[in-house]
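Residue numbers (the numbering used here), protein chains in the order written: chain A, 1 to 74; chain B, 75 to 760.
Because the hints were derived from the structure by calculation, they are not lab data.
Think of the CB as a built atom: it goes at the ideal place given N, C-alpha and C, for glycine as much as any other residue.
Heads up, some of the hints might be wrong.
[Said to hold, decoys possible] Some chain A residues near chain B, calculated using beta-carbon distances under 8 Å:
1. S25
2. L27
3. G35
4. E42
5. K46
6. S57
7. R62
[Said to hold, decoys possible] Straight-line distance between alpha carbons at most 20 Å, and here's what the computed DMTMM-like set of lysine to aspartate or glutamate pairs gives:
8. A:K24 <-> B:E320
9. B:K348 <-> A:E48
10. B:K345 <-> A:E55
11. A:K16 <-> B:E307
12. B:K452 <-> A:E64
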Amino acid sequence: MKLTQLKVGESGVIEKVVAPEPIKSRLFSMGITKGNRIKVIEHTLKKETWGVEVEGSKIALREEEAGAIEVKND
Amino acid sequence: MIKAVMVGQPNVGKSSLINAISNARLHVGNFAGVTVEKKEVELLNNRLKIVDLPGIYSLHAYTPEEEVTKKYLLFEEYDLIINVVDANVLQRNLVLTFQLLDMRKPTILVVNMIDELEEKGGKIDAQKLSILLGIPVVLASAKEKRGVEEMVELILKGFKCEWKIYYNDKIEDEIEKISSILNNHFQNPDLSRFYAIRLLEKDEDIYKIVHDLPIFLELYKVLGESIKRLSIEFDIPDVRDLFAQERNALAKSVVMQVLTPPPHKESLTQKIDKLLIHPILGLPIFLFFMWLIFQITFQVGSLPMEYIDQVVNNFANWLKTILPPGDLNSIITEGVIPAVGAILMFLPNILLLFLGINLLEQTGYMARAAFLLDGFLKRFGLQGKAFVPLVSGFGCTVPAYMAARTLKNPKDRLITMLILGFMNCSARLPVYVLLIAAFFPAYNAGNILFAIYITGALLGLIVAKILRTLLFKGEPEPFVMEMPPYRFPSLKALALELWYKAKIFIKKAGTFIAGAAMIIWFLSSYPKNPSLIQLYEQKMESAKTIQEKKALEEELKAKLLEQSYLGRVGKMIEPIFKPLGFDWRLSVAVVSGLSAKEVIVSTLATLYAVGEENEKGLIQKLRENIDFKTAVALIVIIMIYSPCVAAMGTFYSEVPNWAWRLFYTIYPNVLAWILAFGVYKLLERV
Chain A
1 MKLTQLKVGE SGVIEKVVAP EPIKSRLFSM GITKGNRIKV IEHTLKKETW
51 GVEVEGSKIA LREEEAGAIE VKND
Chain B
75 MIKAVMVGQP NVGKSSLINA ISNARLHVGN FAGVTVEKKE VELLNNRLKI
125 VDLPGIYSLH AYTPEEEVTK KYLLFEEYDL IINVVDANVL QRNLVLTFQL
175 LDMRKPTILV VNMIDELEEK GGKIDAQKLS ILLGIPVVLA SAKEKRGVEE
225 MVELILKGFK CEWKIYYNDK IEDEIEKISS ILNNHFQNPD LSRFYAIRLL
275 EKDEDIYKIV HDLPIFLELY KVLGESIKRL SIEFDIPDVR DLFAQERNAL
325 AKSVVMQVLT PPPHKESLTQ KIDKLLIHPI LGLPIFLFFM WLIFQITFQV
375 GSLPMEYIDQ VVNNFANWLK TILPPGDLNS IITEGVIPAV GAILMFLPNI
425 LLLFLGINLL EQTGYMARAA FLLDGFLKRF GLQGKAFVPL VSGFGCTVPA
475 YMAARTLKNP KDRLITMLIL GFMNCSARLP VYVLLIAAFF PAYNAGNILF
525 AIYITGALLG LIVAKILRTL LFKGEPEPFV MEMPPYRFPS LKALALELWY
575 KAKIFIKKAG TFIAGAAMII WFLSSYPKNP SLIQLYEQKM ESAKTIQEKK
625 ALEEELKAKL LEQSYLGRVG KMIEPIFKPL GFDWRLSVAV VSGLSAKEVI
675 VSTLATLYAV GEENEKGLIQ KLRENIDFKT AVALIVIIMI YSPCVAAMGT
725 FYSEVPNWAW RLFYTIYPNV LAWILAFGVY KLLERV
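Taking the hints into account, I'd like the entire structure generated from these sequences.
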């Protein structure tokens with residue numbers, strides 16, 4: 001499922017990042033890589049901007065990028 | 075001399091480490107992208123030189139400031155790499171470390187912010203980490219000055235590195251095939267291996283290097299086959315993903331062996347963020363903080379004003395009696411000192427504003443503000459990250475232009491830079507404070523100041539939207555930004571930073587502004603007109619009352635000023651500003667503001683209050699000579715028209731395109747005039 005389908009406080013393991021380059025490499029270098037656990041911390045009222053936590057760092061991204069992250073919910 | 079480069083991901087404390095080992099005063103903050111330019115620092119009587127490079131998330135450079143670092147790493151000469159990592163996010167940082175180790179240059183690993191990890195109850199086994207990576211490891215804390223001496227000693231003494239990091243055998247096989255071809259040309263196995271890896275990762279910079287080599291045709295074929303084999307073998311569409319996963323897995327296993335993680339509990343940052351980036355409360359809280367900054371800037375900043383004023387006046391009067399009477403005496407006591415004094419009065423305001431911006435930068439709130447504002451900025455064709463240069467613009471436009479380097483997309487960057495002038499810089503603060511004090515009720519002063527800044531910002535956003543629709547079609551760049559943990563700013567660093575700012579400001583007032591004031595004073599005092607003076611002296615002698623005499627004296631002063639060089643120039647440009655209600659003196663003041671915005675104040679002081687005994691007179695004089703709607707039109711002009719020459723110079727050097735430079739030079743002035751005219755006419759009706 002897409003990361004954006006998770007609720008605040010839920011987490012999942014990243015399966016795939018489907019964003020185009022160079023944004024994909026950017027996400028990789030921030031720790032958003034297959035196999036890492038990602039957690040939704042917050043999103044703005046209209047869900048336009050998302051805050052996630054991955055391997056100890058907190059990252060802000062837009063709906064478009066967050067939607068490009070596929071996770072396995074558990 | 076040993077030359078070391080400091081490399082690491084953004085916000086791991088590279089600049090702080092350099093500040094800790096030297097007496098350098100590099101600007102630091104708690105967000106990604108504080109350093110956007112390489113900075114060199116020499117230590118120990120030039121035995122060691124450290125180059126501080128902008129933070130880089132990976133060798134796939136993404137933004138212009140990361141490009142600076144990558145180019146330096148690839149093409150410049152240096153002896154060793156100091157790779158700085160953040161102990162709290164070791165795994166993510168190690169991914170970059172592996173990319174650096176691919177270069178096989180002498181490298182030491184500095185694990186910074188170890189104090190934070192240990193405070194939380196975590197631990198890192200430095201010895202084991204060193205064995206696993208094959209390079210020396212130093213646990214450090216720039217804040218506690220821990221490990222920094224050890225690091226310098228290690229560099230001076232020299233150290234050995236073993237290359238222990240290898241990828242999956244199947245990947246290494248392909249690397250070997252490619253590097254053996256490269257080695258035919260380079261005769262350097264380490265370099266060839268590094269280039270081979272980068273080529274597999276589709277690194278365009280390396281591609282450009284090998285493109286013109288005689289081995290290229292052969293290389294191209296083998297590279298293509300390798301990429302194909304790897305994608306089939308690992309069932310992966312892009313080999314770049316493969317390396318990312320490999321390094322991530324390697325980092326994970328290394329971290330597993332060396333890190334004792336701190337016990338899980340909700341951190342202070344998480345608690346604070348529940349409130350500060352709350353979906354509903356977040357934005358109002360942000361606006362409240364900004365309002366507070368301006369309120370304090372005005373209200374607290376004006377408390378010591380009178381005192382400073384008094385000191386400057388006493389000094390001028392004292393000097394007047396010391397110096398021999400004559401031209402030199404008057405140029406200093408009537409020209410320079412009152413003008414510089416008129417600006418020094420605003421030092422407290424400026425320091426308070428900088429304190430506010432500094433707190434934003436140091437605490438980590440900057441990235442939160444970017445998060446909160448991203449959705450809003452998106453509507454204007456910008457993105458959250460643009461908030462960083464925009465807010466720096468409230469301090470000074472020059473570093474703000476530089477900070478725009480953290481924006482990847484050239485269009486985004488240009489739009490942001492074109493509207494940065496609308497973010498009122500601190501040099502304009504004195505002008506506003508003066509005008510607000512003269513024309514608005516005191517109880518509302520802080521709010522008016524806030525309103526001016528907000529209006530400027532909103533206007534900037536509207537212009538951004540217009541530029542985006544008319545000239546720069548296309549989507550803005552994606553928004554991805556790290557939100558660092560909240561950190562208590564070090565009071566010492568904060569105090570030093572303010573002291574530094576104060577020093578720069580006083581220096582600027584004493585040199586540049588004093589010089590400008592001297593020129594203005596000279597141009598407004600010469601040429602002398604003896605026949606005019608004689609005429610009035612005769613009139614004054616025959617005057618009957620003291621009032622009459624005084625009136626004549628004033629008239630003479632005005633006449634003399636009008637026929638001075640400055641008066642003549644002013645009369646020439648007056649027609650441009652006439653529709654806004656400006657007289658020639660205001661026109662001159664506005665134009666003089668192009669040299670530096672504070673100069674507007676000193677020019678007003680010279681032109682409206684020449685020879686006045688007390689400086690309070692300036693506000694009084696402004697009230698007598700300027701009406702309310704003209705004052706508002708003046709504020710509008712200052713908000714919008716071209717920034718100072720220093721800022722314009724920075725823009726020119728950052729934007730090489732002549733058409734944009736021309737546009738940048740013209741459009742703010744046209745817009746400023748039109749809007750000021752509109753406001754003036756509007757106020758005329760009410």
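Evaluated hints:
Annotation: interface hint on S25 of chain A holds; nearest CB of chain B at approximately 4 Å, less than 8 Å. Because the closest C-beta pair between L27 of chain A and chain B is about 7 Å apart, less than 8 Å, the hint holds. Contact between G35 of chain A and chain B, as hinted, is supported at the beta carbon level, the nearest pair being about 6 Å apart and thus within 8 Å. Hint on E42 of chain A holds. Least Cβ distance to chain B is approximately 5 Å, under the 8 Å limit.
Because the closest C-beta pair between K46 of chain A and chain B is about 6 Å apart, less than 8 Å, the hint holds. With a cut of 8 Å, the hint placing S57 of chain A at the interface with chain B holds, because the nearest CB-to-CB distance is about 5 Å. A cut of 8 Å between beta carbons decides the hint on R62 of chain A: the least distance to chain B is about 5 Å, and the hint holds. Note on K24 of chain A and E320 of chain B: the hinted pairing holds, with a Cα-Cα distance of about 15 Å set against a maximum of 20 Å.
With a C-alpha separation of about 18 Å, the suggested pairing of K348 of chain B with E48 of chain A holds against the 20 Å cut-off. For a cut-off of 20 Å, the pair hint linking K345 of chain B to E55 of chain A stands: about 18 Å separates their Cα positions. Proposed proximity of K16 of chain A and E307 of chain B is supported: the alpha carbons are some 18 Å apart, at most 20 Å. A C-alpha spacing of about 12 Å is found between K452 of chain B and E64 of chain A, which places the hinted pair at or below 20 Å, so the restraint holds.
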